[in-house]
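Hints are included, so try docking the two chains, each in its own frame, into the full complex.
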Amino acid sequence: MGAAIRWGGAALIMCVVPFLLPLYEMDVYRKMLFWVALAISYNFLFGIAGQMALSHFAFAGIGAYTVVILMTQAGVPLLLAIPLALGLAGILAFIVSFAATRLEGFYLALATLAFAQLFIVILDEGGALTGGTGGLTSYKLPLVFGFEIQGPWLAIAMALVLLLTLAFLLRIDRSWYGRACRAIRDNGEAAAAMGVDVKRTKIMAFTLTSVMAAGAGMVYAFFDNTVNPPVFGLENAFMLLFMVIIGGSGSHLGAIVGAVLLRLLQDMLEPFVGQFHVMGLGILMVVVILVQPKGLVGIWDDLVGRKRAGRRKAKP
Amino acid sequence: MADLLELLVSATASGCVYGLIALAYLLVLRPTGVINFASGEWAMMGAYAAYVISDAGGLPPILAIPAAALVLAIIGWLTEWLTVRPLVERGAGHLAPILALLGMLVIYHQVVLLSFSEDQYPLDGPFGFGRIEFGLLAGSYQDFFIVGATIAIFIGFWLFFERTVWGRSFEAVAINRRAAALMGINLRMVTALSFAGAAAIAATAGVLDSPRGSVEANMSLPLAVQGFSALIIGGINRVEGALLGGIVLAFAEDLTRRYAPIPSGLALGVTPVLLITFLLVLPNGILRAKEAK
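From first to last, the protein sequence lines stand for chains A and B.
In terms of our numbering, the first sequence opens at residue 9 and continues consecutively.
In terms of our numbering, the second sequence opens at residue 4 and continues consecutively.
Bound-form chain B, shown alone (with noise of 0.2 Å):
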């Protein structure tokens, strides 16, 4: 029993980083209609540069989040007037930017290997290394950490949504391109946005979950992996969705792996079967849109 309650929380912890990278590809994909697979390289990115600043810069773990994530916004929004906006402007469709980020996928990860070394670095989070227990769960500290951040931040973007103006006209423009830019909303305010917002969302999921293993390039293909399937499993017409569909995702997996009685390899599986299972019986995900109002 005890077993099973500590596997729960970090299968809750791993839903919550899956969760987080698939709101980056949900930020991107509701306003403009595309796919963008860099959003594991962006976590990766996120992840080196936490330990950039938290070991040269000096700064402690706790505020190394938020700059990784404002440099990941950076790099997000130079990703969307470089490469998005000419495309987007030209009238493209909606597959040569999904092909673009592909050639800057590339780019990134070919960057970050050349900066540094192929090797494993090690990145502390907030409280150390440690084990807490309330009552019959336990736990890591980071563990805990992760579900609690996880929490405020689709708090914040359910909030930022539903109940600002800003947060409506993401909603419009995701509904119908035209019709919002005719109501005067600016659409490459609310594209730049999303993908600065996208960016530093992903490199958020990519500092909380290094400390469980640690910082390196090869993180970037599971997580874009994960979080894609975690996003169609959720339903790509929420917010809540992505979350939900992480938990779900991380939840087979981890459950799989402990308890079904075939090799560990062949647990690699499930996250595949799922995302075949999905696409075809319920491609809307588990949450359906919400009825017009």
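Next comes chain A alone, as it looks inside the complex (with noise of 0.2 Å):
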């Protein structure tokens, strides 16, 4: 009962600041969500299952362009575009992690760098169907009920995308295939001699987030009704991973964390310093890294712990 109220809370808030906020704000607001939401399922993937990967971004651009194409090009109804989008990305993301399971660290972040990539020329060469270098733009969703969804609906159509995304996370994180996917991250030959099969485990964490980032990228697609290559490009799947890592990586609050304050800093900051944010993510992360490895959530509850143990001390 507890849970469903904060939920419906989280869910209810989330829903109602897109009307309060001005235009801007509001487009900065879903924006941010769509980052928060990448940065959960992320999470779960370098975090939890500790897959490298550098595709989640891919993923995202697999589900927005599938979904615009399929309706604009094949005139596909959006009710039947959306399930087919996904289940395109789930079968591409299927094909990499089987070939991927033999790969490990490093290995793993070269394959699915080159795939990104590999995406990024096929949509600058993808011609009539791709856009191009342009990407797709000045298409519209469908009314329902002469109603045209836009603006603020699209964020609260973001925001249940991302509440999905971490109440499913959440709860297979604590049930026993989570822990089968901490035990591979931790040591994989350790949690194979337990009985985990290392390869299922590892392939369906790869399979499941993509598939979410692909949901995060079909609603992310209709916010400005345009896909281009480069949001989807490498350094954004790299600014993915420096958010989860800098927030707290096998957080999910982390996650949360990292992303919110890293797209704060970015609007904020770039008006006035320019370029120049970019440099104090570097320095964070490098900080992080070497203060506290569990990132910023590991830090606060460094200090939490430490004042709790200093209250305790003082007590004779």
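Please keep in mind that the hints were generated in silico from the structure rather than gathered at the bench.
It is possible that part of the hints are untrue.
[Stated by the list, open to error] To spell it out: a stretch of chain A is covered by chain B in this simulated footprint if at least three of its residues, at any positions, have a beta carbon under 8 Å from a beta carbon of chain B; those stretches are:
(1) 105-112
(2) 125-135
(3) 276-289
(4) 293-304
As the structure is a prediction and not an experimental result, all values here were calculated from the model.
Don't be surprised by glycine CBs; every beta carbon is placed ideally from N, CA and C.
Written out as structure tokens, the structure reads:
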């Protein structure tokens, strides 16, 4: 009961906020929700399942492009295009992860980086299908009962994707499956010896989180009614990695904190210091890794823990 | 025919540059197990250092190469000392230094962007611009200079690793860190030197490459990607593998771009396709590790 109230409350707040914000701030807000949703699923893949994949943004792009292409060029209705696009992302993710289960550590990073690069090359050279380097523009969501879905309503759609992603991942994180993922991350051989099917667990984690990325990408495609290659490129893939690590990899809260913080840094600092905020990102990354590998959430835990320990000591 | 031969000369020169970057990756990877994505930034910084040294310092281009390598060697050593050593001594896994170096990559890139404008800067090769012919082989001075310098560097490294006690100690650390430490090899020294050496080699690659185009901040990402692709293609176990991988990659790229009936933009897909193929089919690369003696 308490949980239902908490989730309902969070959903209500996230859905009311966009209607209270001016247009520009509302746009910043919904794009932040997009990043948070991606960071949450990426945290499960990287922080909990221990797979350093750089293909997460490519899968968001696959979701976005597929749904738009199906709707505008194949004339598929939206309600059918959504499951088809998710299905395509799932099949591609399954193939990539099936091939990649033999690769560990940075080899997986290189293979998924190559996959992400290839995706961008295909988008750039896809001609009329993908719109080339300019991407696809000026398409629209169909009217629902004569009502145009746009602006804050899309923020609500993204908030729902985010909450669904979080609720689902929190649930499986606490299950047998989540523990199997953590066991593989910490020591694959030991996990196998304990009876965990390493290959299947890895493929499942990769496919599941990549489909979640595709889902977020799909909503994103209708924010500005445009999709273009740079959004889904390598730079953002690395940005996502930085968010999860700075916030605290392996922690759901950390992913949220990292994504919100880095988006706010960018949106608030860029007008004043220009490119300089990117330097801050690099410095933050190095400092976090050197000082507290568990990220900002870990630093917070340290501070609170020390205070508690201090209080305990103070009492004789 | 003449067209093909000219293409082969310039592809060999590109392959040599890729091979040098791959060597920079290899020098760090072998003893520490860390893949240093900042290698491309080091190449770019080396090119900027050479530009400043020869433009403001007035040094002739041939001397700007070792000078830039020295500057980057110091930067590489500082990087190891500041960001990698504390992690290794704390016993953090391989992932932490990789991520810390990613952070350093961003810092390097921004420092260069803030210190210089986003313009492209010209850098002269030691022999200037011009074309030379050896019978059927023809190419620019710079292409032949790149090939010659790269061969000299690789022979130097090969002799160092195979024929000197110092070089053997690097190899020992690569094979088994703990055993090497127990044999009295100074792990700290080996790690520090491998970072300094890798930065110097990457800088040399950047300085050699930029007279063919220009010095610019955007040169780092393609070089970083082609460098690790060459490394995987050639195989991470042997020094010669880096050069071989670089040449194979450059030939595949240039021949596809010139002769394959596909748009030139699609030819950019050659590198990722080759990388994925090698990772899945031949993860140890073309050259296998030598049998233990």
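Hints versus structure:
no. : hint    : in the structure
1   : 105-112 : holds (count 3)
2   : 125-135 : holds (count 6)
3   : 276-289 : holds (count 5)
4   : 293-304 : holds (count 5)
In the structure shown, no violation is registered for any of the earlier numbered hints.
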